[in-house]
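Whole structure, please, built from the sequences with the hints as guidance.
If you read the protein sequences in the order shown, they are chains P and X. In terms of this note's numbering, the first sequence is numbered consecutively and its last residue is 274. In terms of this note's numbering, the second sequence is numbered consecutively and its last residue is 572.
Please note that the accuracy of each hint is not assured.
What the hints assert, rightly or not - Among the chain X residues that face chain P by a calculated CB cut under 7 Å, a handful are:
1) Gly293
2) Ala388
3) Pro392
4) Ala399
5) Val402
6) Ser459
7) Ile532
Keep in mind that the hints were calculated from the coordinates and are not lab data. Keep in mind it's a predicted model, so treat the numbers as computed, not measured. Ideal Cβ placement from N, Cα and C applies to all residues, glycine included.
Residues per chain are reported as follows:
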Amino acid sequence: MMKTKRAFTYAFLIIVSFVSIFPFLWMISSSTNLSVDVTKGKLLPGSHLMDNMHNLLEKVDIVTALSNSAKVSISTTLLAMLIASLAGYGFEIYRSKAKDVVFNILLMSMMIPFAAIMIPLYRMFGSISNVIPWIGIDTLSSVVIPTVTTAFLIFFFRQSTKMFPKDLLEAGRMDGLSELGLFFRVYMPTMKTTYAAAAIITFMSSWNNYLWPLIVLQTPENQTIPLLISNLGSSYAPDYGVIMIAIVLSTLPTALVFFLMQKHFVAGMVGSVK
Amino acid sequence: MKTAAPKITTTRLKAGMTGWLFISIAVIMIAAFYFYPMIQALILSFKTGTGSNLSFNGIDNYKRLFTDKMFITAVKNTFIYLIFQVPLMVILALFISVLLNDKNLKFKGFFRTAIFLPCITSLVAYSVVFKYLFSSDGLVNSLLLNLHVIGTPIQWITDPFWAKVTIIIAITWRWTGYNMIFYLSGLQNIDNSIYEAARIDGASPIRQFFSITVPLLKPIILFTSITSTIGTLQLFDEIMNITKGGPGNATSSISQYIYNLSFKYSSDFGYAATVSYSIVIMIIILSIIQFKVAGEKK
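Pasting the structure below:
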């Protein structure tokens, strides 16, 4: 009885794990095969990785797309960390009734679907274009600005600040640090793990963002990696090997972040419901 | 002693102001990029016209919703995804996490990482991969044919029924591991002695699951169901990249319809805003229902 239960558990978990990993394996394997082999359903890796890479570079400007995505994701992450941690710290350390009300209103923004605000946002950035061209439509800044501050991240930092030892602040005040000095010199270094977790989540969602860049970015020089993948995927004569290598390249940064910082990543996600 | 009182007030006032300064950037940004557009969308939803030539037309847009076949189809599709996909995923994720929570299980780390892995892919990238896996001459069909599960290839993408199934399979693949992580962390907070006591009382594993695990995880189950519901109501990337809403409009979603109305057809921003408000209303109603249902089961 016990043994069959064990066997069932392992069999089930192996099947689920296989189904989860299989598309990755297939995508990696296909990136080394010619398009015809991919359509024939060839599973094993071939020897055409370099050919596919060459064709990809010839066909589209993936280097620019990758660098655009990197610019957007890194600046979003850095700005988001600063703004959200300042706010989370402010809400928790200088707590007041009025601030609690403001906090609850901010949380309501999590319920707002992006589809509901995308048209006004698009029009806002359209009118900004005439005044400040570098943050208007079809600029990388316009991708960063509306996505940089989320209530989720503020909530995340506030929750973590609850665990922050407040005695440290008193000690810092005694030493004559200013309120802002306390934040940068005492709070930030103490909360490294919280920052790491928040940074990973932000980087990933920014790297993978699709709908807003699709609307706001129009010229090929400005496109980010999801836009490039989407265009390749919907072309009429798809070269599967080439598309697969593009997808592998687009997944590598997030995969790297995930495997290097797995612990923080999971901690970060779970931190959001605690 | 008398001079001390005003001093305290000024420091307090100063501390109060500092607090507001700390939160100010975030408050301004969220007001500017969430709440202000939200109000703009509401105003827009009472207007009609193309591009920026807009004029008020009262509640005509809202009336139009009820006779708009494309809209009704998109809502129907979205609810089909919701009704089948969310419970399927929640149950699957719960089941996996209960199995993984077993202390004596080996290779736990491997299983957890493997099942979580889909979450690192972008919605666009995995959609394109799924589109090819499920194409009529794709790998899924050739595997099923070789295993003699099916006699003729299934038209995963081009048949109205199977296209919906493909979308549901795709979303389940992408998000089950994500939900699993929340349940796993919830399970770790449950004291093992509760299970031991139940075992001594002779409760079967199934009984333990329904009488201990589910009630104690209720807040997390509620959290994941609400976030999944909100996610499904906003479904866009997968539809755009797997089926483009087709065949016909068999897989179209509300968000995709809003996108089409705004940027593909004649840029009818007013009506698109009206459709977007229908999502807002649905999210509010469904969240209230989920809170109520979860509250009553006490």
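Here is what the structure says about each hint:
The interface hint given for X:Gly293 holds, since its Cβ lies 3 Å from the closest Cβ of chain P, which is under the 7 Å cut-off. Annotation: X:Ala388 was flagged as interfacial toward chain P, and the flag holds, the nearest CB pair being 4 Å apart, inside 7 Å. For X:Pro392, the interface hint holds, the least distance from its beta-carbon to any beta-carbon of chain P being 6 Å, beneath 7 Å. A distance limit of 7 Å between C-beta atoms decides the matter here; for X:Ala399 the minimum to chain P is near 5 Å, and the interface restraint holds.
Because the smallest distance between the Cβ of X:Val402 and any Cβ of chain P comes to about 4 Å, under 7 Å, the interface hint for this residue holds. With a least beta-carbon distance of about 4 Å to chain P, the hint placing X:Ser459 at the interface is held under the 7 Å criterion. For X:Ile532, the suggested interface contact is upheld, since its CB lies about 5 Å from the closest CB of chain P, less than 7 Å.
The structure meets every hint from the earlier list without exception.
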